[in-house]
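*Asks:* These protein sequence lines are chains A and B, in that order. With this note's numbering, the residue at position 113 of the first sequence is 113, and numbering never jumps. With this note's numbering, the residue at position 302 of the second sequence is 302, and numbering never jumps.
Hints in this document: simulated from the structure, not taken from any laboratory. Any given hint could turn out to be false.
A pair counts as met if it fits within one copy or between any two copies, since identical chains are not told apart.
[As the list claims (entries may be wrong)] Below, simulated SDA-like cross-link-like pairs (lysine to any residue); rule was C-alpha separation at most 20 Å, straight line:
no. : residue 1 : residue 2
1   : LYS300    : PRO8
2   : LYS344    : GLY194
3   : LYS78     : ARG39
4   : LYS300    : ALA7
5   : LYS300    : ALA9
6   : LYS147    : GLY129
7   : LYS238    : LEU22
2 protein chains.
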Amino acid sequence: MPSVTVAPAGDYLSLSLGASRLRFHAIWLRDNAPDPETRAEANGQRLIALRDIPAETIIAEASLGGGGLWLRFMPENKTVTYDLNWLQNHAYDRDITADPGWLSGGVETWDAALMVSVPTGDFAALEAGGTALDDWLGAMTRYGFGKIVNGPVEDGALFRVVDLFGHVRETNYGRHFEVRTEVNPTNLAFTGLGLQAHTDNPYRDPVPTIQVLYCLESSAAGGENMVVDGFAAALRLKAENEAYFNVLAEHCARFEYAGEANVCLTSRRPMIELAPDGELIGVRFNNRSLAAVQDVPFEKMALYYAAYRRLGEIIDDTAMEVTFRLNPGEAFVVDNTRVLHARKGYSGEGTRWLQGCYADKDGLRSAYDARRRQALVEAAE
Amino acid sequence: MPSVTVAPAGDYLSLSLGASRLRFHAIWLRDNAPDPETRAEANGQRLIALRDIPAETIIAEASLGGGGLWLRFMPENKTVTYDLNWLQNHAYDRDITADPGWLSGGVETWDAALMVSVPTGDFAALEAGGTALDDWLGAMTRYGFGKIVNGPVEDGALFRVVDLFGHVRETNYGRHFEVRTEVNPTNLAFTGLGLQAHTDNPYRDPVPTIQVLYCLESSAAGGENMVVDGFAAALRLKAENEAYFNVLAEHCARFEYAGEANVCLTSRRPMIELAPDGELIGVRFNNRSLAAVQDVPFEKMALYYAAYRRLGEIIDDTAMEVTFRLNPGEAFVVDNTRVLHARKGYSGEGTRWLQGCYADKDGLRSAYDARRRQALVEAAE
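Next comes chain A alone, as it looks inside the complex:
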């Protein structure tokens, strides 16, 4: 049986729900009130600012009933009812300390063992929507990586991949770029060289958070693609040597690309990026565009380089990599803040032609979450 107690000063309340006792502050409750004067019913946006809520707001009265918590706030003399499930789902009276490098719920790290079950969607099924799309978007949010097969072998088909979840992020490379051997390459990606696993464009800030690579021709020998989970690599580094993990997280690297006229892209960001509370939120790793690191003190630079070297060795470890060959009409998509991709060297004989473009993962997560929300609504009807 739920019960509620208001603190003597009225500045917070305690809600007992089953075994849990959850405290909520008056100001937090008032700011998150779900009534139509506080939140626009149509679009869910808050209609008032904190300046519209008195700083001395207290809970004057509280009662429970019908799955709801009814409150009267003073000095506004405003009454609001909260859904108990909503309160339980949004509670903050909990132990929220976690080790640096913790992962958001729903994120799952992987290694070469994923090779036998690469998340793969059929192009037509994905375009039709339904569970095929749900599953593929879900795999993208969980693993940061997914393949698409049986697509058209057609210039620009990669844009139809982006249409599944978002919008193209145009850059100085254009709305899309062609990946094939060039005679005077502006970028080493446009040669037949093998490339170490890397994230793209770390010299951009913000980096493009999604990359799509779509195969149109593939008769050259070699050129296999591989992907590595940067989160798995960073956490393995931490397990092996916490000082290595910390030095890469606590200092900014610098990246630069100025390989064409009118372009001079620079960034100053860490190789391992944590949220203020230690959530692992990004990995940047790219030997080609790492600039001179200047933000590590002399006393720590040897440690920094040892850590950078070890992270590279982990990334190069075949136990970490998922390798595959893209055939024409096949694509792969990566979360570029997390998953590194690489290409083996290929010969000049035959052809290899991929088209690539960037997009953003907030759009992908939004598409997935909106579809799940809609499914819940439909299930409830």
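Chain A is fixed; fit chain B onto it per the hints.
*Replies:* Relative to chain A, chain B alone:
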């Protein structure tokens, strides 16, 4: 007279240049070697990875001459010459501790006093390039804000503003969005309501880092625009109460927008964002889309709300704001990771029509830096 000494173990050297003594590690020097086997001459990208450089690399020999530092590395037995100016500019043997909230060189905070000298560019002069564009791009990087005047009163003219420095970031709102009163608005921006100063789309991750607002019609009463330097506001908060600054920087807020079908955008990022070494790199402030904050422990939530309230009061202080009225053919551009913008309420009589779009500031900085680099090359010729 410069001099160089190699440490007995060969793992670093000391370079005396005038009054400064700069130490550089062997591995750092080898990784940053400028020779054509290490760096591609055409595009500046590194051709090797750290795995190609022996971990036991030492400096076997060093000498100075002709403005350069000549080194021989073992075990590769590789000789490389470094430019002394380059070494001085990229030195890391320095005191790099700074108070949290430090600002990158070239960033200048501002308040209402900027009103008399708003950075403004003439549309045609900017499109012609030259110093007008240099000055305006420079002001954008320094202040995070600039106006443009005397532009065409023409649907889509805002894209010509983006063409000055980068590329449109398309979102669920389209390549651009119309800001005028709507009957059933999906977003409160499309009403006549006054809006508190805010950054746009904090529920997106990454947020769009540049916003352009371009005026096409303006005969309604009210609707003035104003901008506030979020960096100045955050630093004023810190000066007033360091605990307030810290609690907003050390905990993630949550933001959400789900005001239209198929959209459910959520983010978990702090209101005041610092780099790992304390550089102030971003501000997110938006009462409409702040979701329930869940990542602050119960013991700190009252402090968090007091800090959030005080930051809002500082942002609302007219001493912080630059106000102006956009006439047709005028636009303003803000760094959306730093500068908040607001609109005063306006009446339904007359019309007010703006077009808005997003872009990214790495492109803007790149355009500016590339132009400066080119100017240096031309000056040297």
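*Asks:* To test your reading of the hints: which numbers does this structure violate?
*Replies:* Per hint list: single violation, 7.
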